[in-house]
Amino acid sequence: MPQDSLTAAQADVKGAEVGGAADNPKAALHLKLAKDQIEEAQKQIKDGDNEAAARTLDRAQADAELALSLAKEAKAQADAADANDQVGKLRKEIAK
Amino acid sequence: MKTHSLSALRATLPALLALGLASIVACGSAAVPQELMDARAAYANAAKGPAAELAPAQLDTAKTSLDVAQKSFDSDGPSQKTKDLAYVAERRAEIAAAEGSREKAERKRAAADKDFKSTQMEGLEKTKEQLDAERRAREAANQDVNKTKAELAAEKAARAEAEKRAAAALASLQEIAKVKEESRGVVITLSGSVLFATGKSDLLPIAKEKLDQVAKALVSQGFKAIVVQGYTDSRGSAADNQTLSLKRAQSVRDYLTTQQIPADKITAEGLGASKPVASNDSPEGRAENRRVEIVVTPDKG
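In order, the protein sequence lines correspond to chains A and B.
First residue of the first sequence: 1, per the numbering used here; consecutive thereafter.
First residue of the second sequence: 1001, per the numbering used here; consecutive thereafter.
Looking at chain A on its own, in the form it has when it is part of the complex:
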């Protein structure tokens, strides 16, 4: 059971990295928390504390998912601002 959770958490970390979490400070923080907690969970598994490991992995997964959401949010905000700029520039161009 912890092995499945470990795999899921690792997949979420991967997804967050692909989603650009490293490029956004807040997302990067949660990405690091997720990785650290995966490491901790691996130790807990080694020590035979599967119950603690499962909870640590839940935390890791939540952080990884949050990292991805934050990265996507930042990108969407930047895109929106960009699109807004483009409209402004076009308006100016036409008004000439």
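Derived by calculation from the structure, the hints in this document are not laboratory data.
Take these hints with a grain of salt, some might be off.
In silico BS3-like cross-links for lysine-lysine, where the CA-CA straight-line distance does not exceed 27 Å [said to hold, decoys possible]:
1. B:Lys1117 - A:Lys96
2. A:Lys75 - A:Lys96
3. B:Lys1128 - A:Lys96
4. B:Lys1117 - A:Lys92
5. A:Lys35 - B:Lys1128
6. B:Lys1104 - A:Lys26
7. B:Lys1117 - A:Lys89
8. B:Lys1104 - A:Lys14
Here are some chain A residues the structure puts well away from chain B; computed CB gaps all over 12 Å [unchecked claim]:
9. Pro2
10. Asp4
11. Leu6
12. Glu17
13. Val18
14. Ala28
15. Lys35
16. Ile45
17. Lys46
18. Gly48
19. Lys75
20. Asp82
Each residue gets a CB set at the ideal place from its N, CA and C atoms; glycine is no exception.
Please arrange chain B on chain A, whose structure you already have, making use of the hints.
Just chain B now, with coordinates in the frame of chain A:
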């Protein structure tokens, strides 16, 4: 039966009381862990943001997660499990908030993209209007050119018509009078016998008809100035001849002014027997010398 159930109640009552007390003690004494407080705050924050409308499923997940953490706290107190659940609940709330904001931003972006397209269309429309205006201006300019061309053609036609009329007038004039071009101008010579009775200076009715034609020709051809010169033959005194020739010239001049020849452009002179055009020795010669010459200074050239 009655006694039995009563005793059963008596037996369970303390247990129930003890349980109730225990839970009251647990709730009242145990401090809410920071993680749970953070989770509650995060959820409250997410719930009042765009997630409520734009990410309801994620917000619902966050609520469930918070409830689980709360229940854990209610039953276990501030255990590590409670803290872990609260930690996860806080992230779920933050995820809901982020998803709400993302959705909002994406809608904004979609609106901006739409705006961009419509603005582009607007720009195209404007450019098209400008091109249309330019085309219309060009067409108007072309029309002006065509109009000018038409005006020039009309003017040319009118000039040709006038020249034709003038030529016709000259031709008809030549039928009734001698017309000669000399250095002093165009000289129209009318025979005295056609215009006047012997010794008189009143115009004969036939003379008026001829002068009408002359006037018509002069008006249609245009002129700068006209001098009417009267001449006699050599018979009689020079003074009488001079007087008669002047009176006759004046008669012709006066009549012409009634036929649209402006009075300020036409003068009369009496030249008597001077400048004969034929011999005064024969009746034919003398008849030729009795004459009125209308000297026309042409309008141009």
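So, going through the hints one by one against the coordinates:
no.: 1; hint: B:Lys1117 - A:Lys96; in the structure: 18 Å, holds
no.: 2; hint: A:Lys75 - A:Lys96; in the structure: 32 Å, violated
no.: 3; hint: B:Lys1128 - A:Lys96; in the structure: 15 Å, holds
no.: 4; hint: B:Lys1117 - A:Lys92; in the structure: 15 Å, holds
no.: 5; hint: A:Lys35 - B:Lys1128; in the structure: 59 Å, violated
no.: 6; hint: B:Lys1104 - A:Lys26; in the structure: 19 Å, holds
no.: 7; hint: B:Lys1117 - A:Lys89; in the structure: 13 Å, holds
no.: 8; hint: B:Lys1104 - A:Lys14; in the structure: 26 Å, holds
no.: 9; hint: Pro2; in the structure: 14 Å, holds
no.: 10; hint: Asp4; in the structure: 17 Å, holds
no.: 11; hint: Leu6; in the structure: 16 Å, holds
no.: 12; hint: Glu17; in the structure: 17 Å, holds
no.: 13; hint: Val18; in the structure: 16 Å, holds
no.: 14; hint: Ala28; in the structure: 14 Å, holds
no.: 15; hint: Lys35; in the structure: 15 Å, holds
no.: 16; hint: Ile45; in the structure: 16 Å, holds
no.: 17; hint: Lys46; in the structure: 19 Å, holds
no.: 18; hint: Gly48; in the structure: 17 Å, holds
no.: 19; hint: Lys75; in the structure: 8 Å, violated
no.: 20; hint: Asp82; in the structure: 8 Å, violated
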